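Engineer: The primary structure of each chain is shown beneath.
Number of protein chains: 2
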Amino acid sequence: MNKNEALDAVFNLRSVVIVGVAPGDEGFNTGRLFLNHIIEYGFKGKIHLVNPKGGEVLGLKIYPHLSDIPEAVDYVISCIPAPFVAQLIKDSAAKGAKAVCLFTSGFAEFGTETGRQLEMGVQRLAQSTGVRVIGPNCLGIHSPKAGFSFAPDLPHETGPVSFICQSGGNTMYLVRAAGARGIRFNKVISYGNACDIDETDLLEYLHQDAETKVVAAYIEGVKDGRRFYRVLQELAAVKPVVVLKGGTTGAGARVAASHTASLAGSHDLWMRALDQAGAIRVNDLDEMADMLVTLQYMPLLGGKRLAMAGVGGGAGVLATDDWDRAGFVLPQLPDDIRQAFRDALGNDAGTILSNPVDIPHLGFGHEVFRHALTKLGQFQGIDLLVFHLPIRGIMLSLAVAPILIDRETETIIRLHRESAMPMAVVAHYMATGEGWHFAAKYVKDFYEAGLTVYHSIPSAAKAIDRFIRYHRNLMASQP
Amino acid sequence: MNKNEALDAVFNLRSVVIVGVAPGDEGFNTGRLFLNHIIEYGFKGKIHLVNPKGGEVLGLKIYPHLSDIPEAVDYVISCIPAPFVAQLIKDSAAKGAKAVCLFTSGFAEFGTETGRQLEMGVQRLAQSTGVRVIGPNCLGIHSPKAGFSFAPDLPHETGPVSFICQSGGNTMYLVRAAGARGIRFNKVISYGNACDIDETDLLEYLHQDAETKVVAAYIEGVKDGRRFYRVLQELAAVKPVVVLKGGTTGAGARVAASHTASLAGSHDLWMRALDQAGAIRVNDLDEMADMLVTLQYMPLLGGKRLAMAGVGGGAGVLATDDWDRAGFVLPQLPDDIRQAFRDALGNDAGTILSNPVDIPHLGFGHEVFRHALTKLGQFQGIDLLVFHLPIRGIMLSLAVAPILIDRETETIIRLHRESAMPMAVVAHYMATGEGWHFAAKYVKDFYEAGLTVYHSIPSAAKAIDRFIRYHRNLMASQP
Numbered sequence: 016m017n018k019n020e021a022l023d024a025v026f027n028l029r030s031v032v033i034v035g036v037a038p039g040d041e042g043f044n045t046g047r048l049f050l051n052h053i054i055e056y057g058f059k060g061k062i063h064l065v066n067p068k069g070g071e072v073l074g075l076k077i078y079p080h081l082s083d084i085p086e087a088v089d090y091v092i093s094c095i096p097a098p099f100v101a102q103l104i105k106d107s108a109a110k111g112a113k114a115v116c117l118f119t120s121g122f123a124e125f126g127t128e129t130g131r132q133l134e135m136g137v138q139r140l141a142q143s144t145g146v147r148v149i150g151p152n153c154l155g156i157h158s159p160k161a162g163f164s165f166a167p168d169l170p171h172e173t174g175p176v177s178f179i180c181q182s183g184g185n186t187m188y189l190v191r192a193a194g195a196r197g198i199r200f201n202k203v204i205s206y207g208n209a210c211d212i213d214e215t216d217l218l219e220y221l222h223q224d225a226e227t228k229v230v231a232a233y234i235e236g237v238k239d240g241r242r243f244y245r246v247l248q249e250l251a252a253v254k255p256v257v258v259l260k261g262g263t264t265g266a267g268a269r270v271a272a273s274h275t276a277s278l279a280g281s282h283d284l285w286m287r288a289l290d291q292a293g294a295i296r297v298n299d300l301d302e303m304a305d306m307l308v309t310l311q312y313m314p315l316l317g318g319k320r321l322a323m324a325g326v327g328g329g330a331g332v333l334a335t336d337d338w339d340r341a342g343f344v345l346p347q348l349p350d351d352i353r354q355a356f357r358d359a360l361g362n363d364a365g366t367i368l369s370n371p372v373d374i375p376h377l378g379f380g381h382e383v384f385r386h387a388l389t390k391l392g393q394f395q396g397i398d399l400l401v402f403h404l405p406i407r408g409i410m411l412s413l414a415v416a417p418i419l420i421d422r423e424t425e426t427i428i429r430l431h432r433e434s435a436m437p438m439a440v441v442a443h444y445m446a447t448g449e450g451w452h453f454a455a456k457y458v459k460d461f462y463e464a465g466l467t468v469y470h471s472i473p474s475a476a477k478a479i480d481r482f483i484r485y486h487r488n489l490m491a492s493q494p
Numbered sequence: 016m017n018k019n020e021a022l023d024a025v026f027n028l029r030s031v032v033i034v035g036v037a038p039g040d041e042g043f044n045t046g047r048l049f050l051n052h053i054i055e056y057g058f059k060g061k062i063h064l065v066n067p068k069g070g071e072v073l074g075l076k077i078y079p080h081l082s083d084i085p086e087a088v089d090y091v092i093s094c095i096p097a098p099f100v101a102q103l104i105k106d107s108a109a110k111g112a113k114a115v116c117l118f119t120s121g122f123a124e125f126g127t128e129t130g131r132q133l134e135m136g137v138q139r140l141a142q143s144t145g146v147r148v149i150g151p152n153c154l155g156i157h158s159p160k161a162g163f164s165f166a167p168d169l170p171h172e173t174g175p176v177s178f179i180c181q182s183g184g185n186t187m188y189l190v191r192a193a194g195a196r197g198i199r200f201n202k203v204i205s206y207g208n209a210c211d212i213d214e215t216d217l218l219e220y221l222h223q224d225a226e227t228k229v230v231a232a233y234i235e236g237v238k239d240g241r242r243f244y245r246v247l248q249e250l251a252a253v254k255p256v257v258v259l260k261g262g263t264t265g266a267g268a269r270v271a272a273s274h275t276a277s278l279a280g281s282h283d284l285w286m287r288a289l290d291q292a293g294a295i296r297v298n299d300l301d302e303m304a305d306m307l308v309t310l311q312y313m314p315l316l317g318g319k320r321l322a323m324a325g326v327g328g329g330a331g332v333l334a335t336d337d338w339d340r341a342g343f344v345l346p347q348l349p350d351d352i353r354q355a356f357r358d359a360l361g362n363d364a365g366t367i368l369s370n371p372v373d374i375p376h377l378g379f380g381h382e383v384f385r386h387a388l389t390k391l392g393q394f395q396g397i398d399l400l401v402f403h404l405p406i407r408g409i410m411l412s413l414a415v416a417p418i419l420i421d422r423e424t425e426t427i428i429r430l431h432r433e434s435a436m437p438m439a440v441v442a443h444y445m446a447t448g449e450g451w452h453f454a455a456k457y458v459k460d461f462y463e464a465g466l467t468v469y470h471s472i473p474s475a476a477k478a479i480d481r482f483i484r485y486h487r488n489l490m491a492s493q494p
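In order, the protein sequence lines correspond to chains A and B. Here the numbering used here is used: the first sequence runs in plain steps of one and ends on residue 494. Here the numbering used here is used: the second sequence runs in plain steps of one and ends on residue 494.
Just so you know, the hints here were simulated from the structure itself, not pulled from any lab data. All of these numbers come straight from a predicted model, not from anything done at the bench. Be aware that one or more of the hints could be misleading.
Identical copies carry no separate label here, and so any pair may be met within one copy or between two of them.
In the SDA-like style, the derived pairs of lysine to any residue whose C-alpha atoms are separated by at most 20 angstroms in a straight line are [as the list claims (entries may be wrong)]:
#1 K61 <-> A24
#2 K319 <-> T264
#3 K59 <-> S143
#4 K61 <-> S82
#5 K160 <-> G380
#6 K456 <-> L413
#7 K160 <-> A24
#8 K68 <-> Y244
#9 K459 <-> E449
#10 K459 <-> H282
#11 K238 <-> A414
#12 K18 <-> S412
#13 K254 <-> P175
#14 K61 <-> N51
#15 K390 <-> D358
#16 K459 <-> D421
Only chain A is shown next, with the shape it has when bound in the complex (with noise of 0.2 angstroms):
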């Protein structure tokens, strides 16, 4: 089976095997933990378990060989010890498994000669028999679409978005942080060592695959650079790319090697063959999740004018250093917008009536300020309108705290649908486990209403200034 149709069956899977899950309801290993997480995120498919010992758990039979099993399957996950792996993969092919998941490591990124005869052997027979093979050492894949994940929390709507990862910690951290930020994915998948389905070959499927508009890819290392590149280059040219490069300094190269037997290669060959080839680059997994709200949420801009409107005099200083450095520009307001905010606002403390306009604790929700606030809409001098919420900047407890943050984000959210102007919200001074807790509500709120979602000014700029130059380049490169 070529890898597309194997990728293709697994993406939509209706059934999974778990190999070497601990028998009995006392044993625990991986292998349980994938069968606790299956069932818990509602896989409606088929479940079935594989152990040499055989008995049964949480009521599912174990069988004790793969072959046993009386019905077909499409995906195996392998909890098994690597040496073990060769001849479950020659089982796999066996029963007409597409592709068998090793989460099973001690492969090539043990340093050793014997990992690396293991994996080569493994590979040798993923070409062999057809049957593909997801990894070593990884999770496999996420796809709310089928209703199969192996972690229970991640989001189950299915979104424009698919990602790529090299590493399973990494994987779930991103889908569970873009998630709260009203990213959905298609399918994800960590891949691992990558010793038969590698990086290129997942570019090259998520090309091919309607269902994705957004890529995302976390990469330590790539099997064939040439590949890679030309790969990429024709997939972000359909569709943006945003990479994100493990292991980009010598040391982090040496872990990365260790990590997923990953050649990390040059730094500044990578960063220039990224930016060659049209993706998208981004620093840490954070700027990620940043590019693809932005690339999801943001209308396209004009320039990197902006107007900005919050709570907090010290915060719009602190703000405004960050977008001056960040090449952004704060103009003047005329002077009809700055009277209505004088008429809206008084002469309550703090309030700076220029660009940035600084609304007072009380001002929030009166017409007279909403007033101002679309006259500030209409501005032909901006190209953008940001709204920021220092969550914990303010004096209120948590407690009354939605007297204020309610009103605000009502009157965000129906300017945000009346008016024509590209518009975000930056969320952020949450200070305290409570103040993030809290703030996710807004924040839902606010991409649910259709509004990119920021937790810092400097991130904000970052993502904003990337999604700028992105749209920029690729008007430049089309005929």
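Once you've looked at the hints, dock chain B against the given chain A.
Structural biologist: Frame of chain A; chain B shown alone:
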């Protein structure tokens, strides 16, 4: 009364007057907000209210005039409009108050001639009457020792850090954010336009204040550059001073002028002056919190060689890139330590046995693993041992994540107690509001055990680097 005496009196206040509180239980204004918060924070001293309309609120009588109050008053909070403030200063002097905090705005920061005249009037009255003025356009003091604050949810314990801040919102954010990581404050003051008591007076006061061991300052501008430099230099010679300068860009400086009427000054000059005076310069409020945490919890470090351990191979790769970029070195571990980890960890997926050490989900808590970590804690080739917890970079849902994180926390705290090795914890990968909320409990466990906690590798690296340079400079400058 001189400024130091007045500051001593208000940081130990036993009575407060709020002037301009809304009368009746239906009315609401900022005076009422102060009142609610002072009560909710648990102030045990006397609270008096003034409004020409009289009446009562929350069972407290509202006096029509300050002179009607039958007792002595220490601290007066003004929530009345700017044109009435001059008379209030005179009345406060007659009543024997030590200081007046002007929440009131509409002075020089408005950029009008009227505003400037009003502010100069207040300044002259402060000098002639001896009633010291805090502000205008500020929140005044937070003094846990006196059981007094302007926000109900700020920590109640006192600590060694004092904080002077030219923005009310930034004051609340920093006290909350640093508070969540184990920083307790001694004296905090939001001082606004600084027309009488200015930033330099405050630094001078904190210099001679025996309870203050560390000083933090957010400053938008200074009144007298030479005096500021001299006082800062004298202070920095005896106590660490962490400074965030707001309005360092041209655009930011213009906003600072309309926020606190500050002359922000040239960026380069400021940066050079802060460095030469021996202050620790930071670029945002989170860096300030990082620095305070480091100064309080981190022991002296011999250098920049570290080992890192935690769950997550991809997190380890990115962390290594981050440490390397910041000039830290992760040395190769000696064979006996590697062997101890190999014995402890076996062949679980993603396990990296180099530095950083990648711990599998099920590894923590086993005695053989603790043995390996103990050996790591004795390694003479490192100056620091860092544990990282990627809170939502693991498969487990929040409901069962404590299985892993409880063990990890317990192991780290035990090791910290038993070892002389400097240690730090990076709790990162929180991903969602719930993740942050969940992490907060562990952060508290760590700081209560005396551990330094950060929320990202780059921020840890930045703070530790500044910490090392601070001590190096301090030693170099000593005879």
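Engineer: None of the hints should be skipped; say for each whether it holds.
Structural biologist: How the hints compare with the structure:
When the C-alpha separation of K61 and A24 is checked against a cutoff of 20 angstroms, the pair qualifies only within one copy, where the shortest distance is 14 angstroms, while the shortest distance between copies is 74 angstroms. Taking the closest pair of Cα atoms, K319 and T264 come within 20 angstroms of each other only across two copies (17 angstroms); inside a single copy the shortest separation is 32 angstroms, beyond that limit. In this assembly of identical chains, the alpha carbons of K59 and S143 never lie at most 20 angstroms apart, being 32 angstroms within a copy and 81 angstroms across copies at closest. Within a single copy, K61 and S82 get their C-alpha atoms as close as 16 angstroms, which meets the 20 angstroms cut-off; across copies the closest is 82 angstroms, which misses it.
Neither within a single protomer nor between protomers do K160 and G380 lie at most 20 angstroms apart by alpha-carbon distance, with minima of 40 angstroms and 37 angstroms respectively. With identical chains, the CA atoms of K456 and L413 are at most 20 angstroms apart both within one copy (13 angstroms) and between copies (18 angstroms). Taking CA atoms no more than 20 angstroms apart as the test, K160 paired with A24 passes inside one copy only; the shortest distance there is 12 angstroms, against 66 angstroms between copies. Taking identical chains as interchangeable, the C-alpha atoms of K68 and Y244 are never at most 20 angstroms apart, the minima being 47 angstroms within one chain and 76 angstroms between chains.
For the homomeric pair K459 and E449, the shortest alpha-carbon distances inside one copy (16 angstroms) and between copies (13 angstroms) are both at most 20 angstroms. Taking identical chains as interchangeable, the C-alpha atoms of K459 and H282 are never at most 20 angstroms apart, the minima being 37 angstroms within one chain and 38 angstroms between chains. When the C-alpha separation of K238 and A414 is checked against a cutoff of 20 angstroms, the pair qualifies neither within a copy, at 54 angstroms, nor between copies, at 39 angstroms. When the C-alpha separation of K18 and S412 is checked against a cutoff of 20 angstroms, the pair qualifies neither within a copy, at 55 angstroms, nor between copies, at 31 angstroms.
In this assembly of identical chains, the alpha carbons of K254 and P175 lie at most 20 angstroms apart only when taken from the same copy (11 angstroms versus 54 angstroms across copies). Taking the closest pair of Cα atoms, K61 and N51 come within 20 angstroms of each other only inside a single copy of the chain (14 angstroms); across copies the shortest separation is 59 angstroms, beyond that limit. Taking the closest pair of Cα atoms, K390 and D358 come within 20 angstroms of each other only inside a single copy of the chain (13 angstroms); across copies the shortest separation is 68 angstroms, beyond that limit. Within a single copy, K459 and D421 get their C-alpha atoms as close as 13 angstroms, which meets the 20 angstroms cut-off; across copies the closest is 30 angstroms, which misses it.
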